[in-house]
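**Student:** Residues per chain are reported as follows:
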Amino acid sequence: MYAQMVKSEATQEDPERLAAFQARIDAGEKIEPKDWMPAGYRKTLIRQIGQHAHSEIVGQLPEGNWITRAPTLERKAILLAKVQDEAGHGLYLYCAAETLGVTRDEMTEMLLDGRMKYSSIFNYPTLTWADMGAVGWLVDGAAIMNQVPLQRTSFGPYSRAMIRVCKEESFHQRQGYDIMMKMCAGTPEQKAMAQNALNRFWYPSLMMFGPSDKDSVHSAQSMAWKIKMNTNDELRQKFVDQTVPQAEYLGLTVPDETLKWNDEKGGYDFAEPDWDEFFEVIQGNGPCNTERLAARNKAWDDGKWVRDGLLAHAEKKAARRVAAE
Amino acid sequence: MTQVDQGQLFEFLCRMGDNTLVLGHRVSEWCGHAPVLEEDIALANTALDLIGQTQMWLGLAAEVEGKGRSADDLAMRRDVWDFRNVLLVEQPNGDFGQTMMRQFLFDAWHLEMLKALTGSSNEQVAAIAAKAVKEVMYHVERSGDTVIGLGDGTSESHKRMQKALDLLWPYVGEMFVADAVDAAMAEAGVAPDLAELRTACDARVGAVLAEATLAIPEGGFAHKGGKTGVQHSEHLGHLLTQMQWLQRAYPGATW
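Residue numbers (the working numbering), protein chains in the order written: chain B, 1 to 325; chain Z, 1001 to 1255.
FYI, nobody ran anything at the bench for these hints, they're computed from the structure. Incorrect hints may have been included.
[Said to hold, decoys possible] Here are the simulated lysine-lysine pairs, PhoX-like style, with alpha carbons at most 25 Å apart:
| # | chain 1 | residue 1 | chain 2 | residue 2 |
| --- | --- | --- | --- | --- |
| 1 | Z | K1115 | B | K317 |
| 2 | B | K30 | B | K317 |
| 3 | B | K7 | B | K34 |
| 4 | B | K260 | B | K238 |
| 5 | B | K30 | B | K43 |
| 6 | B | K316 | B | K304 |
| 7 | B | K298 | Z | K1159 |
| 8 | B | K304 | Z | K1163 |
| 9 | Z | K1115 | Z | K1134 |
| 10 | B | K7 | B | K317 |
| 11 | B | K317 | Z | K1159 |
| 12 | Z | K1134 | B | K304 |
| 13 | B | K316 | B | K7 |
| 14 | Z | K1159 | B | K316 |
| 15 | B | K316 | Z | K1163 |
| 16 | B | K238 | B | K7 |
| 17 | Z | K1163 | B | K298 |
Please read all numbers here as calculations on a predicted model, not as lab measurements.
Working from the sequences, and respecting the hints, build out all of it.
**Tutor:** Rendered as structure tokens:
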């Protein structure tokens, strides 16, 4: 889940229009950019899609960290393709958000000065090659849990972006699991590396779904608008139920002593992540927050002369064309 | 046509594969740090093409060598003196302009080389070249456009591009200087006479740099020693330290 704790905006508008809008959503119609929409719907979506896009962009960094150290040419090529896909997802999502009346540059500025967030997961470091496996398996796995239902979200451009994104994400998750399989069938050191990666990424992956939202009014509004399709707890449960047997197949131990199958509910009972840690990460105190934002700021600042140069050239070229006509 | 010496063919294939490997590595260093999102995507795409080409060239090299080594063994387990890439591709990225200038100067040579190799007497070489040439046609178009855009952009971008050209120009010559390996390849029809590539290459480079309002540095000095492996720059060792680390730290593991 790449959009966490998106605050949904209350809306104060003509009740008749609101009711008609809600009726369209309830009927399963897609809302398109030129359609009327409540201001709160628009604002919430900008925040959610923007945060999702930023997550894709910042998400390049922890994996990019291993491209130059990938152990084989094939692994290097796969990882490059994956990170390239993520930049592409960022691009579709920024385009989807732009249809709501905000520019990519505005969103970028808000990411860089901290007004907009990205997923907490990307503030954790990738320390070994097994982390490339764990990120694909767990992080992309958690993201898919959220994104598959979002293919049916009410806002047309977001829904269409999610359909494309999901196709690629399932490949990402498979490649992550494939790395884990190789590591677990490998030398004792490789297996230990895999276990260590699971130990570090398990709870941060559970945090990706956000805190329990059963009491959240905002969440209820977003669900009514179909820009949030399931509760955080539902998705987290589904993720755990899917992932535990995969860990068992790998011969790895999920770092939760309380983990136990519950026949009655037909799912696992599991320990909650440390929510204090989660809120610290969200507030900027995660292990890599400073580095991640510094890297994005540096890329943006260092790239200014390039953007200016290319723009100046395009203008000169256009002027020359006009002069020639 | 004469019989090809397998040792010299191996050398030639390593030159092709090491060029793409080392440049692919350099380009991939940009991942997540480019000036705009579209450039991040394009750089990753270029790196991906180059690594894919490496798998083919070094795969064939390993086959020709016949000592049971794989493309990965060649990439990950040789030391600096066994690398056969030209000095140009191991030069550090510098700023985005320097990276794109290096890319363009290499692409211009690479395209002409691959075009010629599609007619190689060695069928496997011709097949690899036929696949790679399609990718490299796009690379040179893009790197050429970027060099033009930045050279003819603002005064700052112009200044930076001229500086990049001045820095990298002395590394261009090595790509065209033939040695015994190149002569043997040309003799056997495996690869073209390198001097013959120069005309087409110079025409493209000259046209792009003129449109970019950049001046080609005077003097014909050319650094050499990369493709023969006699004397690489200090940069290559650091690159290999990073690239080969896992394979060196955990020998015998499969990934």
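**Student:** If a hint holds in the structure, say so; if it does not, say that too.
**Tutor:** To see whether the hints hold, each was checked on the structure:
This hinted pair does not check out: K1115 (chain Z) and K317 (chain B) have alpha carbons roughly 31 Å apart, beyond 25 Å. A C-alpha spacing of about 41 Å is found between K30 (chain B) and K317 (chain B), which places the hinted pair above 25 Å, so the restraint is violated. About 24 Å separates the Cα atoms of K7 (chain B) and K34 (chain B), which keeps this hinted pair within 25 Å; it holds. This hinted pair checks out: K260 (chain B) and K238 (chain B) have alpha carbons roughly 14 Å apart, not beyond 25 Å.
Restraint check for K30 (chain B) and K43 (chain B): the C-alpha separation of about 17 Å stays at or below 25 Å, so the hint holds. Distance check on the hinted pair: K316 (chain B) and K304 (chain B) sit about 18 Å apart at the alpha-carbon level, within 25 Å; holds. A distance of roughly 21 Å separates the Cα atoms of K298 (chain B) and K1159 (chain Z); the hinted pair therefore holds under the 25 Å criterion. A C-alpha spacing of about 18 Å is found between K304 (chain B) and K1163 (chain Z), which places the hinted pair at or below 25 Å, so the restraint holds.
Annotation: proposed proximity of K1115 (chain Z) to K1134 (chain Z) holds, straight-line Cα distance about 9 Å (limit 25 Å). For the hint linking K7 (chain B) to K317 (chain B), the alpha-carbon distance of about 45 Å lies beyond 25 Å, and the restraint is violated. In summary, the hint linking K317 (chain B) to K1159 (chain Z) is supported, as the alpha carbons are separated by about 19 Å, within the 25 Å threshold. Restraint check for K1134 (chain Z) and K304 (chain B): the C-alpha separation of about 32 Å exceeds 25 Å, so the hint is violated.
Among the hinted pairs, K316 (chain B) with K7 (chain B) is inconsistent with the structure: their alpha-carbon atoms are about 44 Å apart, more than 25 Å. Our distance criterion of 25 Å between C-alpha atoms is met by K1159 (chain Z) and K316 (chain B), whose separation comes to about 17 Å. Between K316 (chain B) and K1163 (chain Z) the CA atoms are separated by roughly 22 Å; this keeps the pair inside 25 Å, and the hint holds. Taking the CA atoms of K238 (chain B) and K7 (chain B), the gap is near 23 Å; set against the 25 Å cutoff, the hint holds.
Restraint check for K1163 (chain Z) and K298 (chain B): satisfied, since their Cα atoms lie roughly 22 Å apart, inside the 25 Å limit.
Consistency note: the structure conflicts with the earlier hints numbered 1, 2, 10, 12, 13.
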